[in-house]
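Chain A is already provided as a structure; the job is to place chains B and C on it using the hints.
If you want the building blocks of each chain, they are given just below.
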Amino acid sequence: MATEKKPEPDELIHIGPEMAVAEADVRPEEAGAFVQGTSLWRDAWRRLLKNKLAVFGLVVVVIVTIAAIVGPTLIKRIFGFTPDYIPSHDPQLTQSFPPFTGPNGEFSWAHPMGTDNAGRDQLARILQGGQISLFVGVLSTLVSLLIGVSYGAIAGYVGGRVDNVMMRIVDVLYSLPYVIIVIVLLSMFRSQTPRGQLILLFIAIGSVSWLTMARIVRGQVLSLKNQEFVLAARATGVSNARIIFRHLVPNTLGPVIVYATLTIPQIMLTEAFLSFLGFGVQAPLASWGSLAADGIQNIAIFPWQLIFPGVTMALTLFSLNFLGDGLRDALDPQMRTI
Amino acid sequence: MFRFIVRRLLVTIPTILVVISITWVLIKLAPGNFYSGEKRLPASIEKSIREKYGLDKPWYQQYGKTMWPIISRLDFGTSLRYEGQSVNTIIKRSLPVSAGVGILAYLLALIVGITVGSIAALKQNSRWDYGSMALAMLGISVPNFVLGPILVLIFSLGLYWLPPSRWAGFPSRNLILPVVTLSAIYMAYIARLTRAGMLEVLRSDYIRTARAKGLSERDVLIRHGLRGGLMPVISYTGPALAFLLTGTVVVERIFALPGLGNYFIQASLNRDEPLIIGIVAFIAITLLLMNLLVDIAYAYLDPRVRYN
Amino acid sequence: MTSPDGNLLEVKNLRTYFETDDGIVKAVDDISFQLKRGETLGIVGESGSGKSVTNLSIIRLVPNPPGKIVSGQVLFNGTDLLHLSTDAIRKIRGRRIAMIFQDPMTSLNPFMKISKQLMEMTELHLGHTREQARAHAIHMLETVGIPDAHTRAGSYPHEFSGGMRQRVMIAMALSCEPELLIADEPTTALDVTIQAQILELIKKLKRKTGTSVILITHDLGVVAGMTDHVIVMYAGKIFEQARTTELFSLPGNPYTKGLLRSVPDPTAEQGKLYQIPGLPPDVAHLKPGCPFAQRCDYTQDICRREFPPFVQLNADHYSLCHFAREVYSESGGTPV
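So the protein lines, in turn, are chains A, B and C. Using our numbering, the first residue of the first sequence is number 1, and each one after it goes up by one. Using our numbering, the first residue of the second sequence is number 1001, and each one after it goes up by one. Using our numbering, the first residue of the third sequence is number 2001, and each one after it goes up by one.
In isolation and in its complexed conformation, chain A is listed as follows (with noise of 0.2 Å):
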């Protein structure tokens, strides 16, 4: 990287108005310890653990992920259910029961959630529902990601007009109701497998997101791009291609990392209420937006049916939003823009 080892802006103790002391310019035999060199990252790590909120939500994060990938099996193997099984044809047991309740109202361990009006165990279809969403949030997310940082970093690259000219598509595009346009796309190419639908979904939401990233991969690479290393690389004959992907862009990956595990809730979001709509996923999978949408019909009625998938939703939504805050404010306290 840089020939030299400046101090980065996270290591001066802004003190005052010009006060700054650099940490790293003690020197080591003078402070009389070895002062040990961190890296970027480690020190990143370092200040997202302090931040509480920020582990919070990680830990939330993890653990509402691994519940989603092993979850349904697990509970079809301790209590038999799937996602859609349906106990019997006994109409007893083909109805809405409130969490933790069994069929003759007495209490049960069986569904903590309770279950839907087909009887099925709503926690395992909450769960079978996360698996869903959380795929296609992390699927779209790694679209846009792909498309995004391409586009940006390629414009940010070349510059010029070129760049003009991508960034006014960009800013065309930004004012569009792209939303409106993929509701529409949705509607009609509905496939007939809910496989061929999903993909569909990742795609048309992917697809929406990749604007800000790629502005912020411009940004990025246009503030790089004159610094020395680059020059380096360009003098000793490295090709432009190589020195994009190869030199720039992972340079700019902490906004990256910070913007995509913000974009995961956004995409998330967008999925839900797609499926909300009823133009997302397709029974008989279900994600926690259809979830939703079944649970609002019986609301007054049986109000746990929204209530568990809404609250889970909310719940993952809310630690990936802190662990992304904290993420930002780990890596560059300056990013701060929102």
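Think of the hints as simulated: they come from the structure by calculation, not from any bench. Values in this document were obtained by computation on a predicted structure and should not be read as measured data. Please note that the accuracy of each hint is not assured.
With the Cβ distance kept under 10 Å, some of the chain A side facing chain B (calculated, not the full set) [unchecked claim]:
hint	residue
1	Val-179
2	Arg-190
3	Thr-193
4	Ala-272
5	Gly-310
6	Val-311
7	Asn-321
8	Phe-322
A virtual CB, placed ideally from N, CA and C, is assigned to each residue, including glycine.
Below, chains B and C alone, put in the same frame as chain A:
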């Protein structure tokens, strides 16, 4: 400035045409059609329907037939599902509903958000600050289709304070829940933006100068701080409007309001081509115009920005 | 209104500390000095020496948190500013003590016309009406040498060059004819030629209005031409204080000598530029003894063990050093 506006408008018109065209293409490409349900119609009936709606003509003729009235007279045709009603009429009828709810929601978001955010910035790291920012985070994380029904549960079905849904014109108590539901997420974003913007400004040198001049803290904040501090909120208005649109769609579905969003969803489900195109075009025009307004406002408020 | 011994400003045992994650930073640690009416005092030091914080402390503009004025007195015309109510100190800020800052680009409100920024001062402190304030503002702009002041008054800060902006700052500061002007590195952000102009301007205005000035800088050259007395600060403490002429010709402190040596002399022969070896210490973790010990040419064991005494070398000349008298003698002075 004038040239800037003209240039933007010049870009806008082709953009909208492109948007309409893409929509049209999507609808035409899609499998299935608007007139059949689950069953297949007898061939003769199908043929006469297709003739009636010009669906048997080549695609460029159909395209022209759709686009020309739009370009020449802004005539979007007649709805395929709602007998005899022209698309323009439907839009005119449903627009006030959506606009009303949307504007009220955004105003509410601005008032509450800016106030909360400013106070949080002033009392940084206090309990008020942490509390309100945590609440804001919650606002961002709870989807509106969860918040809405929960509010209904509490305030309508539980406490009997407010009516649960249905449209009852302006002004009515029916508006409260939809507006609040729609407003929540923007309140949260604006609060956070305001806080961040104010904090940034309050740290700046010119605020220090203002204080050194002996101005009261109130004057420092309002006269010097707000202008710069609210900039992020103003530039947020652009994207916010786009999201507001989609939020309106959901809220109208939940509360059964006869607004543009609701009609749009119905039209999509019904494959009502003229109505879909009409609403999409309308939304696109509105968005582009609003974005232009926001850019103008931004330039007006920040003397450092000069468009050539 | 001056206190009995003719001092406009007396700072006594001022201590301003900052609480950081890393510990308590003693930005200003027991500073005392006086300023007589009509005089110019220079405060010289490297970054981190505490010179800016000292001046912010005088008008109580230290960012809090994390900063806090822990103890001491600041007597302005006999009144202790540190114990005034917030209302009272606001009346003094801008009206009787004015301050200009280092970077005029960021120190002026970019969203406000400069006329308004100037008018604010007099409307607030002198009770001017809009017309009076505007007329006064234009007059001030003319005084500091802004050409075509009448039209330019309606401009925004970004429409001025750096030097012009600093003139605007000066105009703003002197609007209410304060008794004391504190200039915090007023020329550091400017080109060398403009620097000279601004300093001349300050000198001229001072002569005209009789304002006392505290000039903060890291540049000894600036101090030489402008000040009557000088204070040299390091690591939050005063290392030397004397009349300017005496400090330059007969320095009594190794740090000062180092600073003087660092000023490039164009007439000297070719050779390496001198630089005081090492870097300023971490003020959050000061070791016992003299803060300058590691970098000093005269260091001995006692310097690392004991904090140096504040030695009086002359009527007006003090130095914080174990070997103050020796250094002073070496320079050619005769200690009392």
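These are the hints, each one checked on the structure:
1. Val-179: Constraint on A/Val-179 satisfied, holds at 5 Å.
2. Arg-190: Holds, about 8 Å.
3. Thr-193: Violated. Min distance 14 Å.
4. Ala-272: 6 Å, holds
5. Gly-310: 3 Å, holds
6. Val-311: With a closest approach of 8 Å, the A/Val-311 hint holds.
7. Asn-321: 6 Å, holds
8. Phe-322: 7 Å, holds
Hint compliance for this structure: hint 3 is the single one not met.
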